[in-house]
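Please model the entire structure based on the sequences and the hints provided.
The sequence shown begins at -13 in our numbering and counts up by one.
Don't take every hint at face value.
Pairwise CB distance ranges, derived in the manner of DEER restraints [as the list claims (entries may be wrong)]:
1) S315 to A12: 38 to 48 Å
2) D0 to A192: 32 to 42 Å
3) A346 to D282: 30 to 40 Å
4) P281 to D0: 17 to 27 Å
5) L186 to A346: 33 to 43 Å
6) H307 to D198: 14 to 24 Å
7) S223 to D41: 22 to 32 Å
8) A192 to R8: 46 to 56 Å
9) E137 to P26: 41 to 51 Å
10) D198 to D280: 13 to 23 Å
11) P26 to R201: 22 to 32 Å
12) A195 to R251: 29 to 39 Å
13) L209 to E96: 43 to 53 Å
Derived by calculation from the structure, the hints in this document are not laboratory data.
Computed from a predicted structure; not experimentally measured.
Glycine included, C-beta positions come from ideal geometry on N, C-alpha and C.
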Amino acid sequence: MDRFRIPLNTAELDDLRERLARARFATAAAGEPGEHGVTPVELRSLVTYWRDEFDWPAVVARLNAIPQFTVELDGRRVHWAQLDGRPGAPTIVLSHGWPYTFAEMLPLAERLVGDFTVIVPSLPGYIFSEPLDRPFTGPTVAELWHRLLTEVLETPAYFSYGEDVGAGVSDWLAARHPESVLGIIASHAAFPPDERSNELTSEELAFEAWRDEQRSTGSGYALMQRTKPDTLAAALSDSPSGLAAWIVEKFTAWSDHGGGEPFTRDQLLTTVMLYWVSGSIATSFRPYTDAELDPDIPLISVPAAIVVQTHERLYPESYAHRTYTDIRSFAKLESGGHFVASEAPDAIAAVVRSLAAEVAIRA
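Encoded structure:
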């Protein structure tokens, strides 16, 4: 296990500024602004701020103040941030998704530290974790996380939380290792496989209809990342403005704007920069290209707290019971979209503490 610090490469920053200065911007598609993605006007403003005002060295210093480590597991480097709790505090692992980085999980981690030791790994192929030499599936990454926690960090029992791709990893941790997972907190709760989707209620049918509608209008990115990842990565790896547009569009579309803009330009550019300096956008597509190899999630028997973020507000409790057999709480958030660890960290932290307290009392 080695201590890790995000490097700061002056030559790389000079090259980035030159690329940003030469950025070309497209003509907007017909229709309402934002209907077809990030508008050229919005992107030009972001790129100008990125080139002239964004302070990447200050961001690196702030991130490097958080202890980070790497270790080799199965011949591949795994990166994680670690915020230690008080002696005897339980451990929780937070798994991010796409187009996240470990940084999007830090607001939640910072609210849990003290009462918990918080482990925030970078998914394989994301940022500072090397890609797998085999398909990226939920069970594969879950086994990697379990080894990190139990073998490297010598933590025999832990809680698990995940979002997006990381939600699947979290589910598989709980499914495969109920002897170690004390409880699971799910804000991106699993959708049951076909074999457990018979005799749906009217609420469940309404949710599935809504989900199908969302897929029909908002899944083009996933189809590209699944079927033509190399073509897409060629463009995004060469153009920082293109990379920003691809990532920022998802943060804009998937977050909850009920209380205004949930992410600042600095937060968005921190994510974009982490992908840019690590050159990992291509390998971040692996969960999409390998998605068909993911098996159906089995029943999960560990104590579960289900939290429905506003992005999936129609998700019914009965739907959760089709996968999680020991649900201790079910709640729908009033605010906080897809990136809920960043958007509503206080609410999620409260749910984590509540489940941990209940598990401790019943133990």
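Hints versus structure:
1. Against the hinted window of 38 to 48 Å, the Cβ-Cβ separation of S315 and A12 comes to about 47 Å, which satisfies the hint.
2. Between D0 and A192 the beta carbons are some 54 Å apart, a value that contradicts the proposed interval 32 to 42 Å.
3. A346 and D282 have their C-beta atoms about 32 Å apart, which keeps the hinted 30 to 40 Å range intact.
4. Judged by the Cβ atoms, the range 17 to 27 Å given for P281 and D0 is violated: they are separated by roughly 47 Å.
5. The beta-carbon spacing between L186 and A346, approximately 36 Å, falls within the hinted interval of 33 to 43 Å.
6. H307 and D198 have their C-beta atoms about 21 Å apart, which keeps the hinted 14 to 24 Å range intact.
7. S223 and D41 have their C-beta atoms about 24 Å apart, which keeps the hinted 22 to 32 Å range intact.
8. The supplied range of 46 to 56 Å is met by A192 and R8, whose beta-carbon atoms lie about 49 Å from each other.
9. For the hinted restraint 41 to 51 Å between E137 and P26, the CB-CB distance of approximately 50 Å keeps it satisfied.
10. Checking the proposed 13 to 23 Å range against D198 and D280 shows it holds: the Cβ atoms sit about 20 Å from each other.
11. With their beta carbons about 27 Å apart, P26 and R201 fall inside the hinted range of 22 to 32 Å.
12. Remark: the range hint 29 to 39 Å for A195 to R251 is upheld by a beta-carbon distance near 36 Å.
13. A hinted range of 43 to 53 Å is violated for the C-beta pair L209 and E96, which are about 36 Å apart.
The structure fails to meet hints 2, 4, 13 from the earlier list, while all remaining hints are met.
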